[in-house]
Amino acid sequence: MKILKIGAIWCPECAIMKPRWAEIERDMPDLKTEYIDLDQQPEIKHNRNIDHVPTFIFIGSDDQEIDRLKGLVEKDDLINKIKEHQGK
Amino acid sequence: MNLYKKLFLSLALGIYLFVTFLILPAKAQARPEVYFFFSPTCHVCAEEKIFLDQLAGEFPDLIINRFDLTRPVNFGLLREYYQRYEVPADKQGSTPATFIDLGSENGRYFIGYGPSLDSVIKEYILTAGQTDNDGSKPFIPVERKFSLPFIGEVDISGFSPLMLSVAVGVLDGFNACAMVALGFLLAVLVSSGMRRKVFIVGGVFILVSGAVYYLFISAWLNLFLFLGYLQIITTVISIIIILFALFLLKDYISGVVCKICDVPAGKEGFFTRAQRKLFIYMSRLTTIKMSLPLMLLGVALVAIGINTVELFCSFGFPLAYTKILTSYDLSPWSHYFYILVYVIFYMIDDFIIFMIAVATLRITKVSDKYLKAVSLISGIVLLILGILMLFRPDLLVI
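Those protein sequences? They're chains A and B, same order as listed. Counting along the first sequence from 1, when you hit position 65 you're at 64 in numbering that gives the first Met the number 0, and nothing is skipped either side. Counting along the second sequence from 1, when you hit position 223 you're at 222 in numbering that gives the first Met the number 0, and nothing is skipped either side.
Warning: the hint list may mix true and false statements.
In silico DMTMM-like pairs for lysine to aspartate or glutamate, Cα to Cα no more than 20 Å straight-line [unchecked claim]: (1) K371/B / D36/A; (2) K371/B / E73/A; (3) K44/A / D261/B; (4) K258/B / E33/A.
Read the hints as simulated data drawn from the structure, not as lab findings.
Could you put together the complete structure from these sequences and hints?
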């Protein structure tokens, strides 16, 4: 499983989520994440149907979307979601 | 003391005693009189004025004396009436204050005004005070209870300007706009890992935000002090507040928390673009290398910009607060004192988040779940305030 973190420099919620993700990534070194800036890759808006930033998309090994979260999410809720989809 | 002084003092004392014990009671016995103390900025007073005008038409014998409390001389007179009518200290200081003198030590006072008082005052004058068997000077409190669905009867008597400032300030402080802006700055600063930088830059941002808010509310206040007595202003403001509350509730229902975080299909509006640009400036300012004074200046300017734009996102509570505050009869300085209390309590949650960020170099668990709950509570409270301001403004002021 891989997580796409879609954000933008002007987005306050993205900035608040950044340190939360940094902590999770430090605690789970095997977790695969990728940050995509909406302004640098605007095509993602249509490709992944993005209507809000930040959006966190959980992608399975078959490259299909399993789940997504939007906005300010508590660290514990993120971890629970990651555990739920781990190994997919 | 020379003879002339003695003569002058005796004469003055004589005139005083003559007027006090002979002329005034005689006058009072002749015709019933109403002593009406009002503030020109208080809309409840304006309502009572209309009632008194009608009363004067119905009772041609009735003498109505009106005293504008913005004139210091009338304040002294009001104090005399408080003493004469034995008004308890906790009921003093509110407008309108009405004293009815039927002569022969027969009188009654009314603090505040509401439509329910019309018939009470009329009956009291009609029966020449006979409705009070003991002839005492009872206090009739204006009904300050109202029913809310699910909650029941709410009694808001004794809702002082201080309580109003604290309660509405705290509620306003939990708005998502302010929280998200501070969270953004702190998140960028925390990532630097420098506690001193978080403290100084974050502190400047909070101080400037508070100052901008203070100026904004003071401007509203002056506008309402100037125009607030016009009923149309109260009606328009109440409707704006109700609409604002409905928008907050709509946002809650449709799950919108951070409007600028939405990626709309069409073009963004001016405010959204301005906000985004300001956030980009703030992010750059705090991450590139520059001298601290220059950075602080930049952050202060960006804080002014962000807060000015965000005032449009959170004007509901300050609008309601300033309008209600002008309904109290307060001196100009106490208005500014209460606004300061409001802003301090408005900033209190930001200050807590800031102190936690300084101490732990982490951002607290602010989540959309929490911000959504805030917008629901804010929407409901604002809706109640707006409806009360429109239909029962007397309930909001002592």
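Comparing the hints with the structure gives:
Only pairs whose Cα atoms come within 20 Å are accepted, and K371/B paired with D36/A is rejected, the gap being roughly 26 Å. Only pairs whose Cα atoms come within 20 Å are accepted, and K371/B paired with E73/A is accepted, the gap being roughly 14 Å. Taken as a hint, the K44/A and D261/B pair is honoured in the structure, with Cα atoms around 11 Å apart against an allowance of 20 Å. Pair hint K258/B plus E33/A does not hold up; C-alpha atoms about 25 Å apart against a cutoff of 20 Å.
When each numbered hint is compared with the structure, violations occur for hints 1, 4.
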